[in-house]
Amino acid sequence: MAKTSSQFICNQCGTIHKKWAGRCDGCGEWNSITEQEVNAAPKSLGRKKGRSIELGLLEGEDAPINRVMSHNAELDRVLGGGFVPGSAILVGGDPGIGKSTLLLQSSASLADQKHKTIYISGEEASAQIRMRAERLGLKASPVMLAAATNLRNIIQTLTEENPDFVVIDSIQTIWSDNVDNAPGSVSQVRAVVHELVSFAKRSNTAIILVGHVTKDGQIAGPRIVEHMVDTVLYFEGERGHNYRLLRAVKNRFGPAGEIGVFEMTGGGLSPVANPSALFLADREANAAGSAVFAGMEGSRPLLCEIQALIAPSPFGTPRRAVIGWDSARLSMILAVLEARAGVEFGPSDIYLNVAGGLRITEPAADLAVAGALLSAHFDRPLPREAVFFGEISLSGALRAVPFAENRLKEAHKLGFKKAITPKQLQLSEDSPLALSSFSRLEEFVEIASNRS
19 MAKTSSQFIC NQCGTIHKKW AGRCDGCGEW NSITEQEVNA APKSLGRKKG RSIELGLLEG
79 EDAPINRVMS HNAELDRVLG GGFVPGSAIL VGGDPGIGKS TLLLQSSASL ADQKHKTIYI
139 SGEEASAQIR MRAERLGLKA SPVMLAAATN LRNIIQTLTE ENPDFVVIDS IQTIWSDNVD
199 NAPGSVSQVR AVVHELVSFA KRSNTAIILV GHVTKDGQIA GPRIVEHMVD TVLYFEGERG
259 HNYRLLRAVK NRFGPAGEIG VFEMTGGGLS PVANPSALFL ADREANAAGS AVFAGMEGSR
319 PLLCEIQALI APSPFGTPRR AVIGWDSARL SMILAVLEAR AGVEFGPSDI YLNVAGGLRI
379 TEPAADLAVA GALLSAHFDR PLPREAVFFG EISLSGALRA VPFAENRLKE AHKLGFKKAI
439 TPKQLQLSED SPLALSSFSR LEEFVEIASN RS
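All residue numbers for the sequence shown refer to our numbering, where the first residue is 19 and numbers rise by one.
I should point out that these hints are in silico values taken from the structure, not numbers from a laboratory.
Incorrect hints may have been included.
Mimicking DMTMM-like on lysine to aspartate or glutamate, the simulated pairs with C-alpha atoms at most 25 Å apart in a straight line are [said to hold, decoys possible]:
1. 427 - 409
2. 134 - 178
3. 435 - 403
4. 435 - 461
5. 436 - 460
6. 134 - 94
7. 233 - 53
8. 219 - 244
9. 436 - 397
10. 431 - 302
11. 36 - 47
12. 268 - 302
13. 431 - 380
Estimated spans, in silico, between C-beta atoms of each pair [as the list claims (entries may be wrong)]:
14. 283 - 48: 29 to 39 Å
15. 345 - 64: 53 to 63 Å
16. 49 - 165: 25 to 35 Å
17. 362 - 267: 37 to 47 Å
18. 236 - 402: 48 to 58 Å
19. 260 - 336: 26 to 36 Å
20. 441 - 80: 37 to 47 Å
21. 77 - 301: 46 to 56 Å
22. 330 - 48: 50 to 60 Å
23. 64 - 246: 25 to 35 Å
Treat the numbers as computed from the prediction; the structure is a model and nothing was measured.
Yeah, the Cβ is synthetic: ideal placement off N, Cα and C, and Gly gets one too.
Required output: the full structure, derived from the provided sequences and hints.
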């Protein structure tokens, strides 16, 4: 008989500790570490032979993937063209961000298309879901509801009903009677997701799983959960804004990094067809410290405003506050501006903000950030009809970025006339905008400061 031992595992992030502690070293959560039994010596396969696996070649022909459209353009875009039967989709997001609302709207749309859809909630009663459906105008949709948390009962019900789509809200509330730990623990979440994904594959049912997130924004539970599913979506947004972003961080049936933009209204979440216009709607005219960045989110060009403010610091250590961008990259841009271009920011507080609450991760925003900082430093507005994109190296050189043509076309569509870009930019056709290209950051600083 295999011996058992115990480990101390964090229920939020899955970090293994040698002994119990009040605070997890991995995610910083308090009172999340529990003792769980593990097999110290798992059983071997023994001498019994298995069955040979049929092998094939890469050139073999498979049937094309038949996707099911949800009739929600932004959701279908993020999924790569619609739901794939037999796939498992994991959706994470902050509490109250709109996950349940979006999935209820999608379930109703699928049910209206005669697809058998089941919505199982472990957090809300069926009456609460009906109230939300009535508020969203979805009460007439033939969605089948259930409030349950026992995994064995859920699997049995799904096997009998054989639905086309299933929503489980959420995996942290579902528990398996084969695991002794409490619901939401690492072992429970891993077991629940494994059983649900296995059911999806053998029954050709698309399953959408809702996952809680930690304070760092990561889906709570073991990291292996994200490897088990086919698609991982994160629902993002600021509570002070009406729009939400649905971002695909993993997708086996489509491009990763794709985003969908939604607006929260009284009737639920509405797709936003032109998010660039939304992010630039409240842009001020002739404001110093403002630059428009022509970015890319997945395959979609997206324009947004980057704002910078420089103020005297009342303390000995100047403050660097960043919202929507990487603070470490801001420090790098400031260092390059000082060391290579001779722009001294001194003991000043620097604030950087991506307007609208959007979060930017690509290095192509370096030039736009530098433009906003220089505009705030010299108190001179940048040209209102200009967009910026380009990567800045530590040597002060400006580097070209991919998808330049898509960025320029999106800017032209929104009425921009000029683009500030690296000189190494390669275009297959004539640019729709007038280009001002620079090879070095120092050249751009001379223009931005009107020194020449």
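* Unmet hints by their number, sorted upward, for this structure -> Violated hints: 12, 18, 22; rest satisfied.
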